Structure formats: structure tokens, C-alpha cells
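Q: All chains, full assembly: derive it from the sequences and hints.
Protein chains: 4
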Amino acid sequence: MSRLRMGMIGGGPGAFIGPVHRIAAELDREIELVAGAFSSDPERSRKAGESYRIEPARAYPDVATMLREEAAREDGIDFVAVTTPNHHHLPAVRAALQVGLPVICDKPATATLDEAIEMAELVASAGLPFALTYTYSGYPLVREMRARIAAGDLGQIRKVIVEYPQGWLAQQAEGKQAEWRVDPGRAGIGGCIADIGVHAFQLAEFVTGLKVTRIMADLGAVVPGRVLDDDCQILLRFENGARGALLASQISVGERNGLRIRVYGEKGGIDWRQESPNAFALYHLDGRTELVQAGDPGLGAAAVAASRTPGGHPEGYLEAFANLYRDFAKQLRGEPGSLVPGMADGLRGMQLIDLAVRASREELGWIDFPA
Amino acid sequence: MSRLRMGMIGGGPGAFIGPVHRIAAELDREIELVAGAFSSDPERSRKAGESYRIEPARAYPDVATMLREEAAREDGIDFVAVTTPNHHHLPAVRAALQVGLPVICDKPATATLDEAIEMAELVASAGLPFALTYTYSGYPLVREMRARIAAGDLGQIRKVIVEYPQGWLAQQAEGKQAEWRVDPGRAGIGGCIADIGVHAFQLAEFVTGLKVTRIMADLGAVVPGRVLDDDCQILLRFENGARGALLASQISVGERNGLRIRVYGEKGGIDWRQESPNAFALYHLDGRTELVQAGDPGLGAAAVAASRTPGGHPEGYLEAFANLYRDFAKQLRGEPGSLVPGMADGLRGMQLIDLAVRASREELGWIDFPA
Amino acid sequence: MSRLRMGMIGGGPGAFIGPVHRIAAELDREIELVAGAFSSDPERSRKAGESYRIEPARAYPDVATMLREEAAREDGIDFVAVTTPNHHHLPAVRAALQVGLPVICDKPATATLDEAIEMAELVASAGLPFALTYTYSGYPLVREMRARIAAGDLGQIRKVIVEYPQGWLAQQAEGKQAEWRVDPGRAGIGGCIADIGVHAFQLAEFVTGLKVTRIMADLGAVVPGRVLDDDCQILLRFENGARGALLASQISVGERNGLRIRVYGEKGGIDWRQESPNAFALYHLDGRTELVQAGDPGLGAAAVAASRTPGGHPEGYLEAFANLYRDFAKQLRGEPGSLVPGMADGLRGMQLIDLAVRASREELGWIDFPA
Amino acid sequence: MSRLRMGMIGGGPGAFIGPVHRIAAELDREIELVAGAFSSDPERSRKAGESYRIEPARAYPDVATMLREEAAREDGIDFVAVTTPNHHHLPAVRAALQVGLPVICDKPATATLDEAIEMAELVASAGLPFALTYTYSGYPLVREMRARIAAGDLGQIRKVIVEYPQGWLAQQAEGKQAEWRVDPGRAGIGGCIADIGVHAFQLAEFVTGLKVTRIMADLGAVVPGRVLDDDCQILLRFENGARGALLASQISVGERNGLRIRVYGEKGGIDWRQESPNAFALYHLDGRTELVQAGDPGLGAAAVAASRTPGGHPEGYLEAFANLYRDFAKQLRGEPGSLVPGMADGLRGMQLIDLAVRASREELGWIDFPA
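Residue numbers (numbering that gives the first Met the number 0), protein chains in the order written: chain E, 0 to 370; chain C, 0 to 370; chain A, 0 to 370; chain Y, 0 to 370.
Put simply, identical chains are the same to the list, so a pair is met inside one copy or across any two.
Here are the simulated lysine to aspartate or glutamate pairs, DMTMM-like style, with alpha carbons at most 20 Å apart:
#1 46 <-> 29
#2 46 <-> 27
#3 329 <-> 49
#4 329 <-> 29
#5 46 <-> 68
Derived by calculation from the structure, the hints in this document are not laboratory data. Keep in mind the model is a prediction, meaning the values are calculated, not measured.
A: Here it is in C-alpha cells:
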């Protein structure tokens, strides 16, 4: 069975997420990176192509050229991966969909809510597979938690705490990765909320299967001189009445990538941390505490399918990311079982950013989340 | 040097906190329990006296009798410890102060804010030592964090997260300990917020040395049929502009007594958990993470004074509680160095309860905390 | 019910373990320290008495005086607690038993095996209660592990790993606590093996209910100039054929008091650490991992009886030590249920020291442990 | 730059380690799997080729055919990866070296010491790159520990504890992975010692840079009916006099892949666990404890080079394995800086197995390790 051929937009020299997409896509040998418009600077795109060891002729100077020339090849690309900063997502997605190529795109969907609404319309009318790489939904034990909650193991969900502390923006931003994230022109109206808050939000909805219906938000720009928020505190209410809190921060000195979710129901609770992703605590109403681990015989099909090594052989971020690509490949091949997030999650993420920024700025107290 | 003589109000058969006060008071042999009005039922008071192994004649049928008869003795009590449910605090404190006895009282100060205001006036006019047993401020490493923050080790404080999850009220309350806490007639207007939320609040102010100036509160009664809140989420703003969140819950299945505080400043961060109280993580801006532990040579005077064993010999809840009594004994002897909380903390705790209940019920968004 | 009256031998100024005995003995108000021969220097004994706040006349200049004068009092001591360095244990125990007083003594039993044999004879012929404070057998969860193993929960035991790393003697010994422990004249022939190795050994036999029958020992004096061993590695074989290892060290920089035991059987395994004493991991053959915690509803009678606070309120070293005193008090009152170690454990500990030192020095390979 | 072309021997259907080699080899796009003799059964080899998505014609029925046909191609394989059970290593390595192909081979080197000696001679005379996949030496933080110890950060090394507990063979072996490991005909004379003991041994020597010079071994076959050892306890002495212990087990119910190493020197200590591979504890003589984590600014060049994601984005087993392949690729390209183990480690591993089995069987006590 031949591999699916991927063309990347973005991911040029110095990029963090481009190489991650490349590794994730290829990990299971179902996909191969064969082409790219890695940078808007042709020379940088060429250099990136070299570093990815693809055929030199397929490192294109711009998106339009890539789409045109690949369309002309027998072995042209089967889909596009968009790994640029947020404000370039919409044009890249639009161009790919227009030539009939499915798209997998980094999160958040876009830089603004208006763009996201437009993107949602494009995706809907194109009728092509479209995925968003909300990475953390790819972890095996995240999928296990989701399955157990869906099966009712925790009973009615009552309380959700999702946190995402980081510390890397505790000082003035330096370096390519930091700079665009704190620049409204490139990141959009949200800083921390757009970069990691949406991850936490998506995780909470993904794991619980519940939609947020109201929020009370407090976003702040803590580091002097910063325009976009670098710390977010949002109280949540879910569709079933469950209560919740979302705490995300990029000024929490010492925190690395501390995404964590706790969910409590009538009958039990769970606690999972991204930095130790191969286990979660499972609390029972009778007082027992279990540690559920990757490789345990009792795991469900989704977790098993998302694991590549036996218990005790830790898997991490790249493997989780690869699970999203594997799901996307399933969609491309018309197979069932994909759990990779799509445009619906993307739109909700942009709504969250828009609502939270506004609610916080205007001190609105509780506000409703659009259905 | 003879021991200080303590008379207890409350702490009758079945009580949790009475025996804790007894152990804590006597741990360092500076104080001795000699008398008590342990219950409003004379027979139960007598039985409690027996279980505490005090002289039978000094297990009194009521507070007034105890105060009168002890006053008549050469070796009468030197102070009173109040360990009753909240709604009995004010009359007990009033009675003791009126006969000139210092008081150490369990938290929160009272059942209502009005009572707390009255109590504050009584304490102020009595001019006698008065302490409130906010237990967690007695832990050696809590005091170490406080000292380091006061010394500027973290720089300007920017963010505080204090959590207090418990799960023991996830079902209909059963048993003496649970029942009074969910009964407005005995606990006051606050449930979770009054039982544990005030602990978290006091800890945050104690450790940071900063006062909260605004809150945005979301309290809920999650378990069907419950009147008082059993889950609290409160966003905080501190006097220096620092942002914060307080999450307390009694319906988080599987959580025991998960008090935890994280404080992030310009130059570093800390993370402490009550269930592993003999260490905290210390984060440095340069990326280093330290684990500061009881017994470390670098600890300050306050932490050293509050420890009784060498590093690696765990101390716990009772020892922390005993530190409050040791501090109180210092006050009674007119010595400096006490860190035990007093009426000021008590009043702020009651203000928090009052504000949070109101703000949540009326969905007020941000409201100011009285200065 | 009046309290049992304790006279202490040892525990003078600067002592670590004397005050620990005092707190432990009194924690439950069943015992009261009333007298002591705290030091062989009368002035130091007097000062210690002052620090313990006992009646000045009952701080005696020597053991003989204490035993004589207390015997003459109506309210004389009911038993003796021996807390001196090892080489003073035997004379103190002998003197107390001779006047008909029960004894609780610190571990190891004596400084030499010959002394231990003599002590065993004295104890046997006296027919009085005699206890040794192998502290760690007092932890509630240690007793829970013991009960579960005795009940067959792990099936046949196959493997035991007991470790006790410390680092405080990684440099030349300084201070009173260190100096006597590295001095053969006061500590005996064993250094690390006598100070902490015997604790690990006793814990292994206590928890598993199995006796060691063979050992292969490797003791070393790592720090230059040291005479006694400061690091021990011993392979074990138990009476049922189970395999084991005992690793104790006082030169492991950074380790505090890292006693840990792991036991694996046919049907499960356990893992407990003294520095987090309120939980242990419980492994099931079907792959499930449980965290068993203090306060869990499923705990057995022994663990429940040994706990004073609800789950989540950590108890520690002093409380474990107090459980030994509570057990000893039971023996004094003729009540059943005591789990405090006695002379049998003391003798086995001294045999271990003797055998391990000899086997290591002469490189004997496997040698038999006396039945 | 084109990719290096790999041919695999072994790794047929049901294999665990074959797919791991494939992912590891390709993770960085420096190597591509293009051919294989995946099984001695031609049909199974064909199926495996299909699952790896290689060109059908290059899934060969046997090793000889692969080597011959690949040699005839312009784009023939550049090296061979051997992933078979132990007793097939030597013939596979011999065949590859004979046709001038470098080899990367799974550990342990061979099934017997004699084979290893022959293999060492073959490798020496071939003068071609040869690597052994002692996986755990590929972890970034393992390399960081090695660099720090080499730099003298811990001072003179005094004590090493390396453990490798597993529980998966606690019952009668079932399944392909288990069966060959407990069969002397396929695994060799060592069971647990050959499967995981050598990993622990190699890690200890790799991290400390010290050779073991003496051992005292106790191997056992715990599960009834088992011929090969399933539990090992070995005391170690290193060339500088440092003391050590190696504990490996496959009958420790509940343990997954608990490789852990602790090293203590004059000036500090370290503690690393494979199941949480992205951090290690660093102990300082002054009492400070640091947690050194992947992504920390203070890490050395070797750790940085071996990491692919920023701090907080966990990397695991596959990434560690990939670091060995990346090193091997460096060797193939004639670049410096490789840390992948080679034949010297392989030979020492086989000596360990041979010595430990003999010493244990004959109860020899201390025996010397060949220089």
C-alpha cells in the first residue's frame, strides 16, 4: 500500500511546529512529506526542503506554485498540512481547498473569529477532509478518559478543572517562537488564550463530551508592555450544568507545558497531566484510587490503537501528534474511527477567544457561549 | 517552668477537631489540658473528660460553670480553646474574654459576618491574646515560603493559585462531621467556602503577604437537595495587581485534603501541597527547579523553629497544628515571634464568605473586597 | 483513668531521640514523663529535666538514684524508657528489670551480640514487658501491608527489596549525633548496619512475616578514615525461599531517610516509602495499580487503630513512634493487640550485624542465619 | 542529501522490536527502510514487507537473497539492522559484514559468550561501523548524567544502584515475546540477566564511565518450571573501588519497565527513572535538591542534540531509540560525536551473563570480571 503524499505550507527554518508535523505525519509510514512551500522567502523555502531531505524541485517558492505544479504531477500531493502562524491559515486553507486538496491545519483555526467563520463555510462547501491538530487529543490516555466518561464510568459530570501553565513568556518575548505569539498582527486578538487556552478548552470538551455554555473570563497582560493576554482565568459552565475552571498562563515561572485536566462526576474522578501522559489517576466513590497506565490490560480500543509500545516504554508528544495524522489518513482513505478534531472544534476555539477577550475587557461577568 | 493550663469548650464525644486541639496543645509540653466544657450535655461532657483523662471534677456541664469554678482555683485555667461548631464560637469567646481569659478558637471565626464584627470588637476591647487555628499556616514549609516571598526571592508577585479539593461530601452528608457543615443553622451562610475556602484564602494571604482587593465568585450547591455551597470557584485580584484563583470543592470524588498553593513572581515560583507538606518546588527564572525540603540547611529561622525532627522524618498535620499552639503560648508568655493568625484573619475570612455568597447568588461579576 | 508514669534513661541536652520518645509516649495521654536520669552528668540531667518541664526533684543524677527514689514514691514510675547510645542499653535495661520495672528501649538492642544474648536472658527471666522501638513498624500503612500479606493478598511471597539510603555521613562525621555512630567504642561493631540496616531488616521480617535464613553481605567503610561500615549491601533468602536484597547507606548524598520496602508475591506487589508514609502502591496480577492511602474505607483494623486523623491529614514519624508507645501501654495494662517489637526482634538484629560484618570482612559468600 | 538505506533482518509479523527499529531509524529522515528479510518464512517476510509499506520485491525470503540482490542494485541497502532473537544475531551479522555492510544489531550481542567473542573478532577484522541498540543510552538525560559525571560534578563516584524490575513474566510465559525469552535454545544461558540485566549493566557503565571489576551474583528461576533465571541480584565493584548493586527482575508483579539508576559521589548524587525519562534528581552536598529537566537551559550539548521538542513536551522510548540510529548514521557518514554502544559493550554484556550465571549456580561469592 503506497503512502499518502503530503505538501507542507510553513515550517521553514527556525520553525518549531513544522518538523513536528513532519515527524508525526511519517511516524507510521502511512504518509510521506514530498513537497512544501515552507516559507514566503523562496531561498528559505529551498533550505527548509533540504533540511527535510525532500526532492529539491518540490521545495516551492510559494503556495500557488506548489499547488499548481503538484497538480500537474502523476505523484502529486494528496493533501496539504498548514503549519504557519495563525494569520496565514485562512489563505492557505482556502487555496488548498480550492484545488480540491484536503487540509490538516495547526490550531487555532485562524487569527480572528471572522476568518474562522469564513473558513468553516469554505470547509463545509468543499466537502473535503479537514483536520485541526489539537495535539493533546491524540494521547492514548486522553482517549481512554474520553471513552470511560462516555461509557458513564464517572456518572453525571459535575466539575472540570483544566489548567495549562507555562512560564516561557514571563519575561519580554525573545526569539521567533515568542515574538509572533505576542504580536496582535500575527497572532490575532488573543495571546495566551489563543496559543494554549484553546488547547485546554478543546481538551475539556473532548474528554467530557460536553459543550461549554457560559463563561466568566479574566484575561490579563501581566508582563509590562505586552498588548496581548499572557494569563487567563475562565470559569465555565457546561451544557449539563457542570461547573468548571480553565486556568492558562504563560508567565508562570518554572512551568513548562503543564496541561492537566481533572474531571469529577457523581461516581468518580480522573486526573491526567500532559507531562506524565502515560497514566491517569482514577478515583472511585468507594475511596479506591487507581493509577491507569498505558499498556494496562483493561484499556479500551481507542487507547490501544493509539499506542505503539508496551507498557512502561514511555510515549510522548510526537506519538500523540502522530495519532492525529493517523486519524487524518483514515479519513483520506475513507475509513471510520477517526478522532482528530475538525472545523467544529476550530470554530468553538475562535469563539472562546473572541468571547473571553471581550468579556474580560468589558468586565461582563457571566456571558453565554454561542450554541 | 510550669505548663500553661487549658480549658476546652467543645470537643465532646465523636468530635474530630477537639482531640486534635488537645494533641496539638500538649505536643511540646508547654500546655496542658486540665478542664473542659466539652458538650452542652453534661453526661457527654463528663464522658469526654474521661476520654481525655483529665480530673473528673474539671469536666464541666457548661461553659459558665467551667469559667466560674476554674476562676476559683489556685491552678485554674490560663486560657480557653474553642472547638465547637461555628455558631457557638461567639458566645464561647465572649464568655471567656469577659472573665479575662485569652482565647484560641477554631476557624472560621463565626457563623456570620455580623457575629465576626462583634467578635472583633470584643477582642479589641478585651486586649487579650486571641488566636484562630488556621492550621495550614503552621506548616514549617508554609512559613518558609512566606519568609522567602517576604524577602523578595520571587520578586513582585504576579499570580496565585490556591486550591482545596475534597470529595467527602460528594454524596448526601452522613455522620456528625458532615451534617453540621451542610446545615445553614449551624454552619452559617457558607458551606464549602466557610469550611475550607477560608483556609485557602487565609493561606494565600499569609504566604504572599498580600491582601485580596477584588473577587469574582461562582459558588454552587452541586449535590441535589443541598442548600449550602459545596463547590467554589473564585477569581482574585490582590492589592499589588497580582491575579489569582481560588478553587475549593467538597464534591471532587477521590480528593482527600488537597490544599495546594502556587505563587508565581517576576523571578520565580513555588508550589506546595498539604498532603506532602515537607517539601515545595522552587522555580527559578533561569530554568532551574529546586525541591526545598524540611531539614535543608538553607531553611530560614521560622521553618527551623517549626520543625521537631531531622529531614526525612515526616511531620504532618498534628505538628503543624501544634505550631499554632506554641505560637499562642508565646503570646501568653509575652514572647515575640508568634505567627498564629488572629482576629484580623478571622474577620477577612468572614468577609470572604459573605461577599462570595452574595456575588455568586446575584451574579455580580467583579466586586470589591473591603479594605 | 490515670496515666502510666515513665522514667527516661538518656535523652539529655542535644539528644535527638530523647525528645522523640517523650512526644511519642505522651501523644495519646496514656503515658506521662515524670522522671529521668537523662545524662551521666548530674548538671546536664538537671537541665534536661527542666527542658522537659518535669518536677526538678525527679531529674536524677544517675540511674541507680532514679530507680531507688522512684521506688520509694507513691506515684513512682511504672516503667523505664532507655534512649541512650547502644553501649549503655544493657546496663540500663538490667538495672530496670532488676527492680521489677518494664522497659521500652531504643534499637538496636545492644552494642554487641554477646550483650544481646545476655539481655535476652534477662528479659526472659524477668517476665516483664519489654519493647524495642523499631519505629517504622508503627506506621499505619506498614501495619496494613503486614495484615494484607498475612491474609494472603499477595499470595506466596517471592521477592523483597528493602532500602534505607541516607546521605548525612557522606563527609567526616561532625556533631554529637554523628560522632557516636561512627565510633566502635560506643556504637559497637556495626556502623550503618547497626544504625539503619537493622531497621530495614526488621521491617522486612515484620511486613512479610518471614524470617531470613541466609545472607550474602558486602559492607564497606567508604569515607576515608572511617572504621565502621557506612554502606551495606546484603542479599537475602527467606525461610520460604523468597529472594531479597537489603541496601542501606549513609553516604548516599542527597538521601534523607529513604527507607522503602517492596514486596512481590505470586498475586501482587506492594511499594511503600517512609518519606511518604501515608500511602503505598498495590499491584495486582491483572495489571491494575492501586494507591492505598491512610483513611481509605478498605483499611484493616490495625491501620485504623494506628491513625489519629482523617485521610489527607498527613501523619508522620512522631505518630508512628507514638503507636509503639501505645502498644507498649497496652502490654502494661495487660490488653491484647500490641504489635510493638520486642526482644526477639532485638536479638535477630544483633545477629544480623554480627553475621554481616563477619561475612563481609571474610568474603564468605552465602552464610546461614541462625534459626 | 539523500537518505541512508536500511535492510532489516528479523522484525516479522508479531515482532515487538522490529517496528521499533523501523520508527527509530526513520524518525529523523536520515535513514529509510527499503528492504528486509523479515522472517525465515518467505510468506511471513512478504507480509511484513507489506505492513512496512516497502517495495514488495524488496521483502526477501532469506538473508542471503537480500544481501545478494541488494548488492546488485544501484540503490541497494547501505547497512543492515538485525532485530532477530539472540541466537540468530551471529549468523546475520557475519553475513552482512562479509558483504561489506555495516551493522546495527539488537542487544544482547549474541546468545552465548563464545558467539560474542567470535562476533567481536568479525567486527574487528571487518573494520566497519557496528552498533548495538542498548536503547536506554539514547535518552537525552542519560547522556546529560554521563556528561556531568565525566565533568566531575559528582566528584569521585562511590556508589551505584541500578534496577530493572518488570512483572510480565510473573506467570507462565505466554505469547511470542515471552516464549523465546524463557527458552534456553533461543535466548541463551541467561533469561532475565540477558534480556534486561545487560541493559542495566550497560547503563551503569555508560553513565559512570567506570568498568565493573568484580561481581557477587544471585540469579534465580522463581516461577515453577522455569529453566532460565527470571530474577537477578548482583553486587558490583567498579574499577575505582565504587560499590554497586544491580537488581533486575521479571517476576515483580506490577512493575512495567522500571529501569532506574542512582549514582552517588563525593560531591553529589543523581537519580533517573526510565518511566519518567525527561528529568533526573540532582543532589548537592550542601543539601540542595534540583530537578534537572529536558529543555533546561543548563543542559549540555549531548542532551540538547538528543532532544527534538521543547521542555515540557515529553519524549520517550522511540525518540531515545532514534538517537541511537542517528548516532549510527553519523558513523556511516564519517561524522564525529556518536555515542551509540558498539561491540565492546556487547562483549561485556555477554561476559556478565556468563559470569553471573556461573557464579550464582556455583555460589562462588565474589568473582573477578575480565578486564
